[in-house]
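Trainee: Respectively, the protein sequence lines represent chains A and B. Take 1 as the starting number for the first sequence in the working numbering and just add one per residue. Take 1 as the starting number for the second sequence in the working numbering and just add one per residue.
Think of the hints as simulated: they come from the structure by calculation, not from any bench. Quick caveat, the model's predicted, so the values are computed rather than measured. Take the hints with a grain of salt, since some may be wrong.
[Said to hold, decoys possible] Output of the computed footprint for chain A on chain B, the stretches with three or more beta carbons under 8 Å from beta carbons of chain A: (1) 1-11; (2) 26-39; (3) 42-49.
[Claimed, not checked] If you want the ones that stay clear, here's a sample from chain A, every Cβ over 10 Å from chain B, calculated: (4) A23; (5) D61; (6) R107; (7) R186.
[What the hints assert, rightly or not] Covered stretches of chain A, as calculated for chain B (at least 3 residues, CB under 8 Å): (8) 46-54; (9) 91-103.
The C-beta atom is built at its ideal place from N, Cα and C for all residues, glycine as well.
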Amino acid sequence: MHSSALHAFHHQDIAPKADRAIASDQELYEAMRGGDDLSLRTLMERHRGMAHAVCRNILGDECEADDVVQEVFFSLWKRGGWTPGDVRFTTWLHRVLINRSIDHRRRRRDTPTEADLLSSAVENFGAGGGPDPEEMIARQETSDRLRSALLRLPTAQQQVLSLHYFEDADVPEIMARLAATENSVRSLLKRGRMALREDLRKQKKIWTHDLDRTARHA
Amino acid sequence: MTLTELHATLDRLGPDISAWPSVLAEPALDLISISDAAKDLFAAATEASLSADAPAAPRWQAAASTAP
Chain A
1 MHSSALHAFH
11 HQDIAPKADR
21 AIASDQELYE
31 AMRGGDDLSL
41 RTLMERHRGM
51 AHAVCRNILG
61 DECEADDVVQ
71 EVFFSLWKRG
81 GWTPGDVRFT
91 TWLHRVLINR
101 SIDHRRRRRD
111 TPTEADLLSS
121 AVENFGAGGG
131 PDPEEMIARQ
141 ETSDRLRSAL
151 LRLPTAQQQV
161 LSLHYFEDAD
171 VPEIMARLAA
181 TENSVRSLLK
191 RGRMALREDL
201 RKQKKIWTHD
211 LDRTARHA
Chain B
1 MTLTELHATL
11 DRLGPDISAW
21 PSVLAEPALD
31 LISISDAAKD
41 LFAAATEASL
51 SADAPAAPRW
61 QAAASTAP
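So that you can see chain B by itself, here it is in the shape it has in the complex (with noise of 0.2 Å):
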């Protein structure tokens, strides 16, 4: 797998490599396992993905957030 493919993967089935088909994963995890710049990619995606998951934050915090 390269680092292109690793990426559309990512962006295509999530960051959650342990439930991709193990055709796909054992390819993207030998890439990671050797190339850093694979390892920040997927460390990104799931980096994303958390935030993505993360409750808003209530409405008084981002008004305070906002405020001069």
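Bound-form chain A, shown alone (with noise of 0.2 Å):
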């Protein structure tokens, strides 16, 4: 819609609701995209019963369907995406819901549950298999000494270390959840890997002069 098409259809004499009850897909999207957040409701509402059975059908559950078609819903308002003359609105939209709702099966098939993991460690015990209790001991150690260095660093280089080795996100993630800028991130990432090498380093020159003073002793 051009912009004088779009002002006379936020200002027409007719109620505004009554006006998007009527406007295609393509002028509620304009609008929308122009600033019109209830343009987008009504796109929901027009198209919410379809979206959430494209989704369902995929992923078999009816609240992740709705997570989904939230997800796309709220990708269109903050992002757009859709080029009116290629396809239908509607062609598009499920095309972007059908993908995004693949990804999340995969996601999930691919992340095994708590009762997977519970399993997997049962028939460890039972088969004798698994690292051993040594090896889990020394493990827990390191992981230790590297929270414990952790929590010698600056806060921001904390902040940054920890979402991405304990959480594992991404430099877009930390960004997003720090309200920081990419620069900035990457920067934090990698002054604070430095400093963690640097202190672990240094730790481990007294761990081994512990070691060795223990041996000594014994």
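Could you fit the two chains together into a complex? Lean on the hints.
Mentor: This is how it looks when you write it as structure tokens:
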């Protein structure tokens, strides 16, 4: 819609709600892109049923389907993405919903559930598999040292490294969660890693020294 | 799975792929994820099943809609 048409759409004499109800998907989409949030609501109300059915038929779960529908409409509001004249709005919307649902389904399939983890732990225990106790203690000690070293870093570096290493967050996610710029996140990661390495190197000297003393006294 | 096979499977089992056996569901989703034609076919099947499930319009509404 041209800006004059958009202006007319916003300021027609008829009631705005009725105005939106009879507007085409393209008019609503363009009004939404022009900042009219109620047009998004009308689009959602118009297409929610079908959108939900498409997602549910792939995911097999009502709640997950709701989540995907919300995500897709949120991303539509935030970034748009449809090019009028390319394919119909509904065709485009369904394709996006389908892609997103398949991604969700695959992520779910690749992520072991708590039940899977528990059963594999039980199997390992029964079969005598898994790491031996000494290895588990060594792994725990390393992890404790890493966490202690992390706590000695400046707070900003600590936050970025914790998100990156303990919550598997990548740079864009860290930027979003800390409301920081990409340069700032990358720089904090780099400086944090260097400081952590230096700290661990110093600690290693102390641990080696302690071990030597223990061995001499034994 | 080919587009024709997807079409046939949608006709036979309906569009609820989550209820399909995984030997059929996974190849179907592989195809749907890469083909716009397969996506459109699946969406059309879902839409058709929604229309079939929708309750019939009340008699007065049907009469009003056919009025000149």
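Trainee: Now, for every hint given, state plainly whether the structure supports it.
Mentor: Verification of the supplied hints:
1. Look at the segment 1-11 of chain B against chain A: 0 of its residues bring a Cβ nearer than 8 Å to a Cβ of that chain, fewer than three, so the hint is violated.
2. Requiring three or more residues with a Cβ within less than 8 Å of a Cβ of chain A, the coverage given for the segment 26-39 of chain B holds, as 5 such residues are present.
3. Counting residues of the segment 42-49 of chain B whose beta carbon lies closer than 8 Å to any beta carbon of chain A gives 5, which meets the minimum of three for the stated coverage.
4. Distance to chain B confirms A23 of chain A as a non-interface residue, since its nearest Cβ pair spans about 21 Å, more than 10 Å.
5. With 10 Å as the threshold on Cβ separation, the claim that D61 of chain A sits away from chain B is violated: the shortest Cβ distance comes to roughly 8 Å.
6. Separation of R107 of chain A from chain B is adequate, the least Cβ-Cβ distance of about 13 Å exceeding the 10 Å criterion.
7. The beta carbon of R186 of chain A is kept farther than 10 Å from every beta carbon of chain B, the shortest such distance being approximately 32 Å.
8. Counting residues of the segment 46-54 of chain A whose CB lies closer than 8 Å to any CB of chain B gives 4, so the stated coverage by that chain holds, three being the minimum.
9. Figure legend: the segment 91-103 of chain A, annotated as covered by chain B; annotation consistent (6 residues with Cβ-Cβ distances under 8 Å, at least 3 required).
When held up to the earlier numbered hints, the structure conflicts with 1 and 5 and fits the remainder.
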